[in-house]
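Chain by chain, the residues run as shown.
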Amino acid sequence: MLNEKYRLTNIREDKDIKSLSKAQFPGPHCPLFGAVMTASYIEDLTLLIIGTEECTYYGKDFAMIRQNGKDRVYSAVLEQHDITFGCEEDLKDIIIKIDREEKPKALMVITTCVVELIGEDTTSILRSLKDEVDTKLLIVKTEHFKCNSHIEGVEKALEQLASLMTPMEKKEKTVNILGFKYLGVENTELYKELKKNGVNISMTIPTKVNMETIQKAAESSLNIVVEHTALSLAKEMEKSLGIPYVIFPKALDLDKIVEAYEQIGDILDIKFDSLINEKYKSVTSDLIAAEQLLKNKSFIYGNTPFSCFEFSDFLVGLGMVPIVIQCRELVKSDREVMDRLIDKGVNPYIVRMANIAPLRRIYGELSPDYYFGHESPMILAEHNIVQIVTDNCAKKIGFEKITEVLGTILEEKGIFSLLDEKKSTMEDEVRDKIKNLKNMPAPMKKVLLNMKEIPDGMKEALLTLDDNDSMVEMMKNHRASM
Amino acid sequence: MKLYKNNPIASDRMGILWTLNGINDAVIIEFGPAGTTHFSIEGLMQFGADTSAKTFTTHMDEHDVTFGNEDRIIDAILEIDEIEKPEYIFVIGSSITSIIGIDLESVRFQVEDRVDSKIILLPDCDFQNDFTHGVDETLQILVNEITKKSPKMEKLPFYNILGLGIYNYNQSSDFKEIKRLMKENFSLELGTTFMLDTNIKDIEQASKALINIVLHKEGLEAAKLLEEAYDQPYIYLTPYGIEGTKKWLNSISELLNMEITPTEDNSEINRVVYKENMLKRRVARLDNNKLCFNNNNISYKYLEEYLYKLGFKKTVDEREAIIRFSDGIEALHNQNVIQISPPSFRQDNEYPYLPIMGYRGAYYLVQQINNTLTKAELSQ
Chain F
233 MLNEKYRLTN IREDKDIKSL SKAQFPGPHC PLFGAVMTAS YIEDLTLLII GTEECTYYGK
293 DFAMIRQNGK DRVYSAVLEQ HDITFGCEED LKDIIIKIDR EEKPKALMVI TTCVVELIGE
353 DTTSILRSLK DEVDTKLLIV KTEHFKCNSH IEGVEKALEQ LASLMTPMEK KEKTVNILGF
413 KYLGVENTEL YKELKKNGVN ISMTIPTKVN METIQKAAES SLNIVVEHTA LSLAKEMEKS
473 LGIPYVIFPK ALDLDKIVEA YEQIGDILDI KFDSLINEKY KSVTSDLIAA EQLLKNKSFI
533 YGNTPFSCFE FSDFLVGLGM VPIVIQCREL VKSDREVMDR LIDKGVNPYI VRMANIAPLR
593 RIYGELSPDY YFGHESPMIL AEHNIVQIVT DNCAKKIGFE KITEVLGTIL EEKGIFSLLD
653 EKKSTMEDEV RDKIKNLKNM PAPMKKVLLN MKEIPDGMKE ALLTLDDNDS MVEMMKNHRA
713 SM
Chain W
1197 MKLYKNNPIA SDRMGILWTL NGINDAVIIE FGPAGTTHFS IEGLMQFGAD TSAKTFTTHM
1257 DEHDVTFGNE DRIIDAILEI DEIEKPEYIF VIGSSITSII GIDLESVRFQ VEDRVDSKII
1317 LLPDCDFQND FTHGVDETLQ ILVNEITKKS PKMEKLPFYN ILGLGIYNYN QSSDFKEIKR
1377 LMKENFSLEL GTTFMLDTNI KDIEQASKAL INIVLHKEGL EAAKLLEEAY DQPYIYLTPY
1437 GIEGTKKWLN SISELLNMEI TPTEDNSEIN RVVYKENMLK RRVARLDNNK LCFNNNNISY
1497 KYLEEYLYKL GFKKTVDERE AIIRFSDGIE ALHNQNVIQI SPPSFRQDNE YPYLPIMGYR
1557 GAYYLVQQIN NTLTKAELSQ
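Line by line, the protein sequences give chains F and W.
The opening residue of the first sequence carries number 233 in the numbering used here; numbering runs sequentially from there.
The opening residue of the second sequence carries number 1197 in the numbering used here; numbering runs sequentially from there.
The hints are simulated quantities; they were obtained by calculation from the structure and are not laboratory data.
Beta carbons: idealized from backbone N, C-alpha and C, even for Gly.
One or more hints might be untrue.
[Claimed, not checked] Every beta carbon over 12 Å from chain W, so not counted as near; a handful from chain F, in silico:
(1) K254
(2) E286
(3) L323
(4) T355
(5) K405
(6) K576
(7) A613
(8) L642
[Claimed, not checked] Now the in silico label distances, taken between C-beta atoms and shown as ranges:
(9) W:N1466 - F:L681: 54 to 60 Å
(10) W:P1347 - F:V563: 55 to 61 Å
(11) W:V1512 - F:E444: 36 to 42 Å
Required output: the full structure, derived from the provided sequences and hints.
Below, the structure written as structure tokens:
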């Protein structure tokens, strides 16, 4: 199944990355998903999704879930006539109707595959309405046949936000954080350090803005980009509003983190020297300690919040060996990291992400020590593979990100680490019992210990397990089977 | 182009996929962009039904779209045939393949001699029909391509259900009540439902059943096909209310020429009759006794008939209705709405002992109506 052609050294462009099977399950999300996800952070932004019933139905469903039923998503569903003759007049009428009746502050029009396929020039249609409607019109095109994932939808939706901003007088030592998609930016190292140095964080886009505040983004004198999907927005804001930007690396490269802090310091005229000196030393010693434990351990890269190559490069730096890297799609900046990996003497298989079914058939053959990403913990445990899920590491910015990743690996935090922590005394009792059980297979032990909350039914079953019985017998007594 | 503030009405393609996803061992390949498949697989969760059908996608890129390249679907069929070894592979296109004019029939022609699985093609998107049409068409395809291609079976004490799918609100409870009524009154077992908690083998053996019970209109045409092919009678009637359920049982008894097993204990039915009469008296005293249906295109004519017998009057203006029968989104935001159709929003409906069909369904429905009337009156 894994062909030598899939090796890293043979990957020159995106089309060289093959899916392990022709029939994919579940397949990647589409840019519509990315656009709706991003726009949903801004609670008072109105959306109009144009497409088939299917795309609009599921887009609406997703937005409702994201916004707890308070979404502002309209659907414009194409009919047979629109496919044949176009939908210009209908679309104009719909936008005017929404403008007159709902009076949204801004309307993000999201087009899907079919609209682009029939060649409807929605950009021109929106432009022609500019003087006719009060609402600001944004356009995001999300045809999935031109890309392989939802990322493009995220980028385009963020980029469009720039058109809501107007030039303003700059305030000194005021910054925006672009691309942070989680709650709790106040708890990040970067935020705290900026605050400590008297910097005002005007807004975090997209998670801490609404239609009113976003217009004031142009007051800031610097944009700090913490996720590459916000880079287009930063470039647009630089071009139209004259705000420079610094890319705060999402990658786990100590020197790049230092460089980012220094760049921010230069622009804002502040010094991060003591932070850099202290953290550089402590993180370096953490890295050396981790290397001792992880050297020569092999892994499959599934998915993380990081770039697949940058994250793998970080692990290779710790002496780990990549067997398979699953890649969403190749971007320009990947080339440099890919070459670096080759220079380090590794040559893993590179396959397309979001198609785990065929990979599951060869876990036994590949027998990696670790799997980084979302996968069934029980399936991995069957093959004695330790699951590491790094989703929570994306909530950190700065040196703390490296510390968090190392901690996640060394503590072997799996999928259950994402659940809310709830503990009871019974829980501790169960954990002690699991630790002492001799007959329980080690991977299963790890999975159970990694669960933050063990289901009640399982707790009782585990407390009454007799370690003298075989695992199969023990489960039979509890009417379970393997 | 139609504008919707709430969810649009689901399309024929969605109905096709919802039908097939109720068949536990169905294997489906979609020829289109992957995002739609990903969304639709996640979308099944709203129904609260167990689904284990396997849906695969080929994905498509610009090259495939520009040149009408069929390689991806051909390769996917060959691969699934080899790896999954299903008896049937259901192949469905997408809005894109419909527009660019991919001929799935020619794809089948190219691969059918190279695979062991039988390939069943599903209809193209037509951009005009809703999901009920997709369900109807798929049920007919299942009859034509699976039941009728299998050997004719000797009749056994079984019945089939048609027109109840994972997308029907309350399907788990209604399914259970129908099975209970058939067992207790006729000692008959379920053969297949064609699209709910079933499998390919049961669909192949559908001709062994004595009767087909059509609960919603979507199953009617498939029932007619089965009648024509196997002389298998069907009944299209949904049991709502005590009288409605008795009529339903009597019709089945007549069609099968089978006596209904006498019930020893009538106390439960008598209790529901009493509650129905109390509700009729309440409705008669209401200043406003109008109700309206927003059923998202599912036909509820027998439920409507029952409600009008309780004394309610129909209105199409939701503002003047005291009770509305609608979807889960409306039910979330309005005190006077009883949910009868998808979509749902984080509303579980898995508990299988709250039917609205059958005797027990009448009991629960009367209670629901009474409580909704109270809430509606209080909120006025």
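query = Are there hints from earlier that the structure breaks, and if so, what are their numbers?
reply = Those not satisfied are hints 1, 2 and 3.
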